[in-house]
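2 protein chains.
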Amino acid sequence: MNKRVTLAERPTGLPTESTWTYDEVAIPELAEGEILVQTDYISLDPAMRGWLRDVRSYIPPVGIGEVMRSGSLGKVVKANNHFKFKVGDILVGGSGVQQYDVSNGKGYLKIEEGGRPITEYLGVLGMPGMTAYFGILEVGELKEGDVVVVSGGAGAVGSVVGQIAKIKGCKVVGIAGGKDKCNYLVKELRFDAAIDYKNDNIHAGLKEHCPKGIDVYFDNVGGEILDACLSRLALHARIVICGAISQYNATDKVVGPSNYMSLLVNRASMKGMVVFDYADKYHIAREEMTKWLNEGKLKSQIDIYEGIENFNKTLLRLFTGDKQGKLVMKLSE
Amino acid sequence: MNKRVTLAERPTGLPTESTWTYDEVAIPELAEGEILVQTDYISLDPAMRGWLRDVRSYIPPVGIGEVMRSGSLGKVVKANNHFKFKVGDILVGGSGVQQYDVSNGKGYLKIEEGGRPITEYLGVLGMPGMTAYFGILEVGELKEGDVVVVSGGAGAVGSVVGQIAKIKGCKVVGIAGGKDKCNYLVKELRFDAAIDYKNDNIHAGLKEHCPKGIDVYFDNVGGEILDACLSRLALHARIVICGAISQYNATDKVVGPSNYMSLLVNRASMKGMVVFDYADKYHIAREEMTKWLNEGKLKSQIDIYEGIENFNKTLLRLFTGDKQGKLVMKLSE
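Chains as they are written, first to last, in the working numbering: chain H, 4 to 336; chain X, 4 to 336.
Just so you know, the hints here were simulated from the structure itself, not pulled from any lab data. Please note that the accuracy of each hint is not assured.
All copies of an identical chain are treated as equivalent in the list; a pair is satisfied when it fits inside any one copy or across any two copies.
Straight-line Cα separation of at most 20 Å, SDA-like style, residue types lysine to any residue; simulated pairs [to be verified]:
1) Lys89 <-> His212
2) Lys256 <-> Asp230
3) Lys256 <-> Glu227
4) Lys89 <-> Val105
5) Lys210 <-> Arg59
6) Lys256 <-> Ile205
7) Lys81 <-> Lys169
8) Lys113 <-> Asp230
9) Lys146 <-> Gln304
10) Lys302 <-> Ala34
11) Lys174 <-> Tyr61
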């Protein structure tokens, strides 16, 4: 049997239990050329909130009654003459929130042995890591010596953004919620400074740590933190718009950045990105990041929760920040 | 005697008569190396509102008691051994809102005979024209076939932006206030379409005229028009932030673009510009634009008002839109 989570109704504000249907269905027989993938882990990402919205976006929304979309890591447990995958292969892909996926293999990629823990393929070597790598290096046009600020600094993307910027010789200031996360950024990840948005004054923190302004701001959160960073841009600054988690559950209109005219004053730019555009080059990023991981220059944290029935409350940890690093659920029992 | 307008107090909202002091002072003797410039015309520009604000910007604010800053066109009426300028030279520069300026020549440029009416050096061949040229071609990275939308389309900058985009083989949609301006854009300037923001639904107009989305949006106005354009971006669209006239007199917080996450969905960018950065290349733009003017490919309109005592009410025409093309005042009597 296949336990799964489907979309019952579109949420207003934060998803609740009534957003989902938890059910169990029989696993169908495999047709010729299909595989059965057992989902061991799913990735919980802020983007999932966006996939629930019935609006034009970079990907269609999840339909009512459909299995909730998610990144996943699993293994092939059955194969019916598949052209590429065989039983035992470890695959990353998008099974969605269910324990088993019958698939023709589309969207799945076999993990080649690189000596790293496989769960890193949902985090630092997966979408969040790819987002960080291409976002800061290509979209942010990072240069040695830049002053870099990253919000969601202790998150799956932000923590990698900051560490890559450190590797590239930049000054890095992370913004995160709570003292523990801020300590982690400075002591473990060697960020130059961290601002605790729950307890510190963000404007004062940015002024202290970026006295000459911000060269690159990597934005995962939007809202007042984006506005505060806009007000401290250096000339020719680049803002990478990667997410806006503070606004994803807004029931009112999204709050736009009222300081956006700072882009004019500072001849600065604000640019959006979607990681899928860089799929052709993921292998380059994975290779370089695996090297950094093996050398100890890059660290990653994974926070794993169990039990598919806990899906909604685990998902909410993304929005409350009540997690340490990359948020993952283990679905296999 | 020198009639002038100085800043009496910083306005909240729209400037009023009490923002200014109108006075008359004696013209001092020239020191060695100085010139006396008679200001024939001054340029009235939206940026002037920004110069009244006591905030960090790309240029210091006008000080209380100082002559109001403005672009100007005038002639040298006296010279005391100036190293470059002589009596009779026609100069563009920044005399400010006064009939005479004693200067060492800094900030003034002599107009070389190009066969064009000299007042064009305040408009299409002056700052507004330079802003349009470098804004659309360099910041907007214009390409043949692009769908271009320009707000303030009948204004000094917007009208030139649209015409340059037409010359470069683009589809151009102008946004302007009122039927007369919209007719002017389509019939005189050969824009492909115009949307009358005072009477038409902007969203519907953009949908009709840009069914495949906007490649370049040149923003002079901010506010809800910026938001509407954000909601119709094509993939890899570029937004040029040139001004935000709808917000310049805001007494509340500036309204930020709540649809800015469209930058992410469409992998688009929003970039600010300040024309002074292109000063080294003005001569290239002037040469090309003079050619276009002489060939009839580029048209410009100037709306001239007289009498320095009418400064405030003429300035307000920028914000009400009650003008035709480039707004200029004649100060010489």
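Hint-by-hint comparison with the structure:
1. Lys89 <-> His212: neither (52 Å within a copy, 52 Å between copies)
2. Lys256 <-> Asp230: Answer is both: 16 Å inside a copy and 12 Å across each meet the 20 Å cutoff.
3. Lys256 <-> Glu227: both (14 Å within a copy, 13 Å between copies)
4. Lys89 <-> Val105: within (14 Å within a copy, 86 Å between copies)
5. Lys210 <-> Arg59: between (38 Å within a copy, 14 Å between copies)
6. Lys256 <-> Ile205: between (23 Å within a copy, 19 Å between copies)
7. Lys81 <-> Lys169: Neither, since 44 Å and 60 Å both go past 20 Å.
8. Lys113 <-> Asp230: For Lys113 and Asp230, neither the intra-copy (41 Å) nor the inter-copy (42 Å) Cα distance is at most 20 Å.
9. Lys146 <-> Gln304: neither (26 Å within a copy, 45 Å between copies)
10. Lys302 <-> Ala34: Cα proximity of Lys302 and Ala34: none, with 42 Å in one copy and 68 Å across.
11. Lys174 <-> Tyr61: Answer is neither: 32 Å inside a copy and 25 Å across each miss the 20 Å cutoff.
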